[in-house]
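Trainee: Fit chain B to the supplied structure of chain A, relying on the hints for placement.
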Amino acid sequence: MNSSQYIEAFNEIKLTPNLEAEILKNIFSDNISLSKQKIKKKWFLKYALLASCLCIAIAFIMTYFFTPELSCDLLSDKSLKSLDGISQIERVSIESSDKTYIDSLGVKRNTMIILDNDKTVEEGNKITFAGKVQGDDIDCEIGYILNGDYQNINNTDNSNVEISVTAPESGIYYWCILNYSKKEIEFNGSLTMNSNDLVYRNYGDDVIKADINTTFIIHNIGDILESYEVEGIYAYNCATATLFNISSKITDMEYKAQEAGYYVIYAVTQDGKRIDLNQYVTVEVEYPDDEAIIEL
Amino acid sequence: MNKNNLVVHAVNNYTKMVVATAFAYTKNTCDAEDIAQEVFLAFLKEEKEFESEEHLKSWLLRVTINKCKNQMKNSWMKRRISMPEDLSYMPQERHEVIDVILSLDKKYRLPIHLFYYEGYSIKEIAEILGEKPTTIGSRLDRGRKKLKILLGGNKDE
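From first to last, the protein sequence lines are chains A and B.
With our numbering applied, the first sequence covers 32 to 327.
With our numbering applied, the second sequence covers 6 to 162.
Just chain A, same shape as in the assembly (with noise of 0.2 Å):
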């Protein structure tokens, strides 16, 4: 066989008539056809980006402008709006003690919780808060909510907390652990409330500073309440709020402290009137030989 064998043979075979012309139609319409879907594509495209931008800003107009409002009746509604960044409020409850230990308290991103033991707190008394704090890029805050006022006491990043309070004034001290960060965060520690005698309280300017060594004597008290129709002379412990009766006769007085204390000696009259006496009451302090020592 030759070459010109072998390209006669080929050139024999019948094609479809006019094959260059239809070839030609056909991908010039294909072509175009193309075109279209590259631009019905790229429409698409645009389309489906300009959607996501969309639902983006949506979701963001969400989160930070409808999300939901926060409710709490320890929390005065000035509290609660200036809680930037929590959604939610979580109220747990612990042991009402003078010292509690808080064991795993997982606090989720963006809660509050709020530690209810229900134990009111004298004012002066040292409140220490202490603990650690365990999770991954921690970000949270401590305070406490007192009479619906939260106040925040300590921004932490940090693992360890110890915080000390001494109570402005009387009342609940709810305490709060507000997590800012980005997972949630455990807490293991203990709530301690000190009523600590050291510690400075004002009872006011007239009690009677005093301990079991101490006599409270009064002379002449029948000359003090010789125009009244006793009842009785009573000794008021404030720092137990323990009322002690002395004695319902009009002598000479002498009494020696049960207790440690600070204290108001008064008399109550048959009609219920309360007759001061400490400005009467002279002190007498009495130490045994071998717990003698000096006050300064």
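FYI, nobody ran anything at the bench for these hints, they're computed from the structure.
Hints are not guaranteed to be accurate.
Simulated crosslink set (DSBU-like; lysine-lysine; CA at most 30 Å straight-line) [to be verified]:
1. Lys56(A) <-> Lys150(B)
2. Lys74(B) <-> Lys56(A)
3. Lys128(B) <-> Lys78(B)
4. Lys62(B) <-> Lys137(B)
5. Lys45(A) <-> Lys150(B)
6. Lys56(A) <-> Lys128(B)
7. Lys130(A) <-> Lys150(B)
8. Lys77(A) <-> Lys50(B)
9. Lys45(A) <-> Lys137(B)
10. Lys21(B) <-> Lys128(B)
11. Lys45(A) <-> Lys21(B)
12. Lys56(A) <-> Lys137(B)
13. Lys213(A) <-> Lys111(B)
14. Lys21(B) <-> Lys74(B)
15. Lys62(B) <-> Lys78(B)
16. Lys32(B) <-> Lys45(A)
17. Lys50(B) <-> Lys56(A)
Mentor: For chain B alone, kept in the frame of chain A given last:
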């Protein structure tokens, strides 16, 4: 020459070449014509500048062979049992030549087609098919020997 004119030029001058090569590969004129259309559509979309007619011609052949390979890999094509091409309209002698060529394995068929029909050298065929010239040379030699046996002719023809 703008692209559209170049495409018209290519279609008018090389359709037969493309269809014949595709036919040598697919053994079917309908498939060959479809492939030819795809090849020229690819050419229309091709942004490459061609240095010469020869460059264009060899590009068209390379694309034709690639399109044929892709079509034969298609799962539908693999499952298809193709009817033998009816070449009864051709004179007996030419019909036999086509039948013998198509009976060869495609590794022999394509070099023989490019050698006899397009008049390419071994080196040029090697470039178009992406093979070594020695490989093409030996395939061409074996293919021709097989042809001789099948056609019952002289080995040197």
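Trainee: Assess, step by step, whether the Cα of Lys74(B) is no farther than 30 Å from the Cα of Lys56(A), and give holds or violated.
Mentor: Since the Cα atoms of Lys74(B) and Lys56(A) sit roughly 25 Å apart, the hinted pair holds (cutoff 30 Å).
Trainee: Taking 30 Å as the top limit, are the C-alpha atoms of Lys45(A) and Lys21(B) close enough?
Mentor: Distance of about 11 Å is within 30 Å: holds.
Trainee: Can the restraint linking Lys77(A) and Lys50(B) be considered satisfied, given a maximum Cα separation of 30 Å?
Mentor: 24 Å, holds
Trainee: Can the restraint linking Lys56(A) and Lys128(B) be considered satisfied, given a maximum Cα separation of 30 Å?
Mentor: Since the Cα atoms of Lys56(A) and Lys128(B) sit roughly 36 Å apart, the hinted pair is violated (cutoff 30 Å).
Trainee: Keeping to a limit of 30 Å between CA atoms, is the pair of Lys130(A) and Lys150(B) held or broken?
Mentor: Cα-Cα ~105 Å, so violated.
Trainee: Taking only the CA atoms, is the gap from Lys21(B) to Lys74(B) under or equal to 30 Å?
Mentor: Given that 30 Å is the threshold and the Cα spacing comes to 19 Å, the pair holds.
Trainee: Does Lys137(B) lie within 30 Å of Lys45(A) when you go C-alpha to C-alpha?
Mentor: 34 Å, violated
Trainee: Has the given pair, Lys56(A) with Lys137(B), been kept, meaning a C-alpha gap of at most 30 Å?
Mentor: 38 Å, violated
Trainee: Between the alpha carbons of Lys32(B) and Lys45(A), is the straight-line distance 30 Å or under?
Mentor: 13 Å, holds
Trainee: Check whether the Cα positions of Lys45(A) and Lys150(B) lie no farther apart than 30 Å.
Mentor: OK: Lys45(A) and Lys150(B) at ~28 Å, within 30 Å.
Trainee: Do the alpha carbons of Lys56(A) and Lys150(B) lie within 30 Å of each other, as the hint requires?
Mentor: 43 Å, violated
Trainee: Between the alpha carbons of Lys128(B) and Lys78(B), is the straight-line distance 30 Å or under?
Mentor: Holds - the C-alpha atoms of Lys78(B) and Lys128(B) are around 27 Å apart, at most 30 Å.
Comparing the model with each numbered hint stated earlier shows that hints 1, 6, 7, 9, 12 and 13 do not hold.
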